[in-house]
Structure formats: C-alpha cells, structure tokens
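Visitor: Dock chain B against chain A, hints included.
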Amino acid sequence: DVKVTQSSRYLVKRTGEKVFLECVQDMDHENMFWYRQDPGLGLRLIYFSYDVKMKEKGDIPEGYSVSREKKERFSLILESASTNQTSMYLCASSPLHEGDEQFFGPGTRLTVL
Amino acid sequence: DQQVKQNSPSLSVQEGRISILNCDYTNSMFDYFLWYKKYPAEGPTFLISISSIKDKNEDGRFTVFLNKSAKHLSLHIVPSQPGDSAVYFCAASGWETSGSRLTFGEGTQLTVNP
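Going down the list, the protein sequences come from chains A and B. For the first sequence, the residue numbers in this note's numbering are 1 to 113. For the second sequence, the residue numbers in this note's numbering are 114 to 227.
Bound conformation, chain A alone (with noise of 0.2 Å):
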C-alpha cells in the first residue's frame, strides 16, 4: 500500500515566518509534487521533482523553494509566510511514467496570522 505521510495535519505560523512542510512516500516514486488547495480553483501545481536533487516550477511558485536531497522526501519552504499562503497543502507522488496517477498525502492545513 503506497504510503505518503505529510508532517502536521494543521499548522499555524505568523506573517514573515519562515515554514517547512515535510513530505515522505515509501514507495520508491520517482517523481514528486507539491499542491495548494483553495475553494473554487481546485488543486494549482507549485512545484514537482522527478528526481533527487532537481525540482521544476509549477504553476504558481512564487513565494515558494523546495528541496529534494533523497529520494523519499520532499520539502516545500516558505521563506516568508504571508497571509495568502494559508491553504490546504496537498503532497503526492507518482512513478516515472505518463499517466500513471499520483497517491496524495492527506494534506496540512496551514493558517498565516
């Protein structure tokens, strides 16, 4: 059973705060992605990584870094949080190919006072 596990189901942090989600899948996926969830716009890609040590941008990434130095975790830092950053994050991961579906994370809900 592919397992990812995200670090906190809830986090709250304040404005200029710097904020690590971690991320961990024990199913030796290539690939991993990093989501936000918000009401009415669905789940918008800020960055994946399809191998150790490399990442590409997704849609929306400003604001945010990610880091990949082994193969199961992926982290997404905020360097400065901001009030528009509270959203639901969503952490998945896939095996190499095209087509093949993602397992989902159950998500951190995170909250920027």
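In short, the hints are calculated from the structure, not lab data. Any given hint might turn out to be false.
Claimed, not checked - Below are the DSS-like pairs computed for lysine-lysine, each with C-alpha atoms no more than 25 Å apart in a straight line:
1) A:57 / B:118
2) A:3 / B:150
3) A:57 / A:70
Please read these numbers as outputs of a predicted model, since none were measured by experiment.
Guide: Here is chain B on its own, set in the frame of chain A:
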C-alpha cells in the same frame, strides 16, 4: 489560463439515481485523463482513468466517457450512494509534460441525499 475546467461547482442527486460530473479541457496535447475523489480533511484518492485511445472506461459503478472532438469528459456514477458525497476533481496529462505532471480542474462538490 484554465486548461481543465469543471463548470459546475456543485451537484445534488438522490440516492440510487445517476450522478453525472462534467469536465472540459482546452489543450489538445492531453492524452490521459483521471478522476479523483476528495473527502474533507483527506488527500484526493484516485478513482478512474481513461486514455485518449478509448472513449469509455468502466469500473463498477463508475464510468468515464471521453469525447475527444468536443474536448469533454464525464464521470457517471450509477447508482449514487450517500458515501459518494465528496469533491470530485478531473485531471489531465500529456506526453509533452515532464514528470507525469497533472493539470486539475476546480472540482465539483457532489452531494447524494438519502
């Protein structure tokens, strides 16, 4: 530029009836389509998919139809059950995108009333 659109934010049906969720796309390079289901406070889970070489794929109560000429796909749930109440996302990918990237629609909240 929203390449995958779900124009109905919500849908309400009676238990036992058919639920039809719709999705339109604009990118003709998309060749693989998926539906995901999401309950509150959980991550999305994969439901069913279809390749562009097919026009229908069925899995139990769930059937996905693809109309390539109209760039439209739909998910049919028959019969609908209260446990099907969730947000449904359609997603698409294409051969030219790297890393199995998916583009998601906005989602449709399905409510099945007992």
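Visitor: Hint by hint, say whether it matches the structure.
Guide: Quick rundown of the hints versus the structure:
Using a Cα cut-off of 25 Å, the hinted pair residue 57 of chain A and residue 118 of chain B holds, with the two alpha carbons roughly 22 Å apart. Annotation: proposed proximity of residue 3 of chain A to residue 150 of chain B holds, straight-line Cα distance about 17 Å (limit 25 Å). With a CA separation close to 19 Å, the supplied pair residue 57 of chain A and residue 70 of chain A stays within the 25 Å bound.
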